[in-house]
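J.: Residue numbers (the working numbering), protein chains in the order written: chain A, 714 to 999; chain B, 3 to 491; chain C, 91 to 409.
Some hints here could point you the wrong way.
[Said to hold, decoys possible] In silico BS3-like cross-links for lysine-lysine, where the CA-CA straight-line distance does not exceed 27 angstroms:
#1 K23/B / K394/C
#2 K335/B / K168/C
#3 K335/B / K314/C
#4 K321/B / K433/B
[To be verified] Derived contacts from chain C toward chain A, CB cut-off under 7 angstroms, selection only:
#5 A124
#6 V125
#7 S289
Hint data in this document are derived by calculation from the structure and do not stem from the laboratory.
Note that the structure is a prediction, hence the values are computed from the model and not measured.
For each residue, glycine too, the CB sits at the ideal point set by N, CA and C.
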Amino acid sequence: MSDDRLPVRRTAKLFIGGAFPRSESGRTYEVVAHDGRPLVHVARASRKDLREAVVDARGAQGPWAGMTAYLRGQILYRVAELMEGRRAQFEAELADAGAADPARGVSAAIDRWVWYAGWADKIAQVSGATNPVAGPYFNFTLPEPTGVVGIVAPGDQSLLGLVSRLAPAIVSGNTAVVIASEAAPMPAVTLAEVLSTSDVPPGVVNILMGVTAELVPWLAGHMDVNAIDVTGVPDDLLAEVTELSAENVKRVHRGPDVDPFSEAAQSPYEITGLTEFKTVWHPIGA
Amino acid sequence: MSEAIEHPPATWEYAPAPESKDVVRLEDRYGLFIGGEFVEPKSGRYFATIDPSTEEPLAEVAEAGSEDVALAVEAARGASPAWQALAGSERAKYVFRIARQLQERAREFAVLESMNGGKPIKESRDVDLPLAAAHFFYYAGWADKLDYAFPGRSPRPIGVAGQIIPWNFPMLMAAWKLAPALATGNTVVLKPAETTPLTALLLAQVIQEAELPPGVVNIVTGAGATGAALVDADVDKIAFTGSTDVGKAIRRATAGTGKRLTLELGGKAANIVFEDAALDQAVEGVVNGIFFNQGHVCCAGSRLLVQEPVFDVLLGKLKDRLQTLRVGDPLDKNTDIGAINSRAQLDKITELVGSGVAEGAEIYQPECALPERGFWFRPTLFTGVSQSHRIAREEIFGPVLSILTFRTPEEAVEKANNTPYGLSAGIWSEKGSRILWMADRLRAGVVWANTFNRFDPTSPFGGYKESGFGREGGLHGLEPYLELDGGSR
Amino acid sequence: MSQAAEIERSAPATPVASPAEASRLVARAPTVDAVGLEGRATSLATRSIKHDSKRRALELAIRCMDLTTLEGSDTAGKIVAICAKAVRPNPLDASIPAVAAVCLYPQLVPVAVEQLRGTGVAVASVAGGFPSGLGPLDARLREIAEVASAGADEIDIVLNRSLFLGGRYAEAFEELVAAREAAGSAHLKVILETGELGSYDRVRQASVLAMAAGADFIKTSTGKIGVNATLPTALCMMEAAREFHAQTGRRVGIKVAGGVRRSKQAIQYLVLVNETLGSSWMTPALFRIGASSLLNDVLMQLEKGTTGRYAGPDYFTID
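Using the sequences and the hints, build the whole thing.
T.: Following this line, the structure appears as structure tokens:
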């Protein structure tokens, strides 16, 4: 085979319900590298695409949360395994996006999956409680997934930033609708391909590319989205997003403002920021 | 009947047993509690607060305007550095003092609570006040142990908290708000509800007597506009308990301000009775679930879901039980159901009950005489209710129970969760595995199994979905008042 | 209406089930949530009974009282004295009603029958191997028949807890039915000895069994063990009686016994009856309190209600 053969390019499509559709609108937008070099046209998600993604996320949520924590942990660990096999591609995409140290970014993203995978069967032990109420009742509090979480991926560190928001969201049993970084969506596209070949059930993670400023308000205003992670929401949109979230009392969660490579960037509080706490009472009597 | 008593005995009526009002000394007029003192409102305005069981005025209370609210926030801001710097162990002792004073003066508070809010004295005496004191006692002990609650995360107070509380449990909600805020080192501006300000103002006296540094707790009275001014004021956090509509408005108002927010909003809880339940106790739980505090309870079990085979039996028992409920003078020690809190609330209940009748549900109310004056509503059952009826969807916040049926556990879960709310739920069954299966699937922050409407300072409370976010009570009730290292913004 | 007229009933109860059905009856008895039951009892105990309603309650407590002496040392003299007290609890106040019955051991029944003839106060005797009920069955039945023929109006027997707790429901049931027959026209009170049953579920099951076997009354305790009547236990039995009435139309009486010494306790039990079974049960025909020292406490409370002064025990006859 000759080295000058024509390479087969990839079509960058949305990831909804485990499938890779084009936008129902038929629209795309052009993604360029940090140096202005044109890279690819990616599908540009419409409002209807977002609606479909939420429907699929909702459908997947019960079964995902219903799995044992042990199994969810293994599935997330499997994502890390598969990412390791596609390092080169992720690194190339990060390089295109202008990352200073693509290899470090990929390593940190893989390690972050592993770190959160390990929390699956521990978060309830660390954040739950049995409560010594003043009466003949057994009373305990457990974290539970809040439901469908909208995630606006941070624009910087487009792979690590995304994984740092996604992994803690889904490890507890939430499902996610992710809006990928508008400027650098390719690592998200590749992550979608990794997820589709991992054991993550269809619909648990849905990834939309498109124009952040138009997608985010649709996500924030959606009545069947329980929470929105606004870590990647530009400051000028934050107030509007929060206002829209009021309509169904969405939880609005924002990750820590720290170096994404740092220890402080991963925390069990990122998991519980997207959980509910349920307290159960039962009498104690013979 | 196989035999009859020849001379049926006459009904044994209980003589009135009113709790004495002597223990309460009311002022004619109350100012705002700002900077450790009662001050005249800059607004110059006062409003009358009444006894809803008689409609008689009890006192005049200052209406805080924006300027007054700003002064209160300024006082809280000024007191904040010293309060934050105080050793946790010292802060604890102040909060313990409040707890103890509340225990000492519990009867006085209970009587005033019933006078101003209309709730039966047996509830204010046996539930609201003991729980309020316990709440202060519980959180007092946390003040110097926060590092154990959040290891390695350097818990720090947020600063100034604005707290807005409802009229259904005035003292208890004040305790739920103040105790964790103070224990964690925050200073506070508290706004009691318009119709029930008096126990909060009595609490201000207790706070003075406990010698809390001036400005650590400030209490501003007023209606919605005062609350809105507090939301807009220079506070670092808003904690709100009240209606979902107002909660949403506060969410919008604080959007983009960086103010932290916790919301404890409405509910439409399902109380689910399976055919294997201990039915006599389930009846008590259903009654307590909806008629406790006249049904003015956000977590009230206002939708009863009954498994079809026991529907007739349970309904019969419920109707019999309703006959024994004693509606009347809130200060009578034997009163089970007191006065509706306000004319406005009575109108709302009346309107929703009217809609239930209009939509074709069947209404049942026991015979009972109601006092001529004041705001009253008979305990009410609706049967033949479907999920689409307004009385099955909207929070009535009154002594009105909508009864629906189900066939399977799956159907019960589906119906229970079919609401934008998610505050609480009840399960009645003698089968342990089914209880845990149900508890796992019900989308509600508090699940009572074989009991209902239990509260405890150690037990986190708060909602899913449109019932709000954040938890009050327990270890989980600390976090909303703390900044944590590496914590989320 | 005289006390006797109120207590008088047309016929003793008869069994409503066969022994073969006993196991099914027990299995189908509703379960009881202990914490919920106790919570309800505690809540009812906070009812505040004042003024006229208190006076009525205290008088009713006397009229519903089985004035009891069950000591090995009881003599004819003791019985004569207690009968006098039963008929005229307060010699200085004729408005104070007589008690419902005097409750004693079988051997002393003839003394009480003699003393109480024509007074309207009934003679109640324990029988059937009281308090354990574990003697030979024929001896127990003979004892019941003998006290009946000696003139006892009411007979308090014990449930065979050995059979019941051992799961031998049909045999326990048959014993009760046989006792019912042996008692003839006397009213039969079946003591469940709830302190030995171990759970409210068992109390409810035992109540169902006894009522189905034809008990006129179900009674909490013998007074001979550490645990006597309690409010939740009595409430549990009342709930069983309420259900039995709903199912069969027959009203079964409730008797609380053991440890009821104060007026306040008696009033609490009356509140339980009033709010659980309703006013139709508020009669000596359907509610009894077995007690010895309670009577004088009630008399002192009534005196206080009349005079406004707190009374002292020296002003009331001990029997």
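J.: Hint by hint, say whether it matches the structure.
T.: Now for the hints, and whether the structure bears them out:
1. K23/B / K394/C: holds, 25 angstroms
2. K335/B / K168/C: Not OK: K335/B and K168/C at ~43 angstroms, beyond 27 angstroms, violated.
3. K335/B / K314/C: violated, 36 angstroms
4. K321/B / K433/B: holds, 26 angstroms
5. A124: holds, 3 angstroms
6. V125: holds, 3 angstroms
7. S289: holds, 5 angstroms
The structure fails to meet hints 2 and 3 from the earlier list, while all remaining hints are met.
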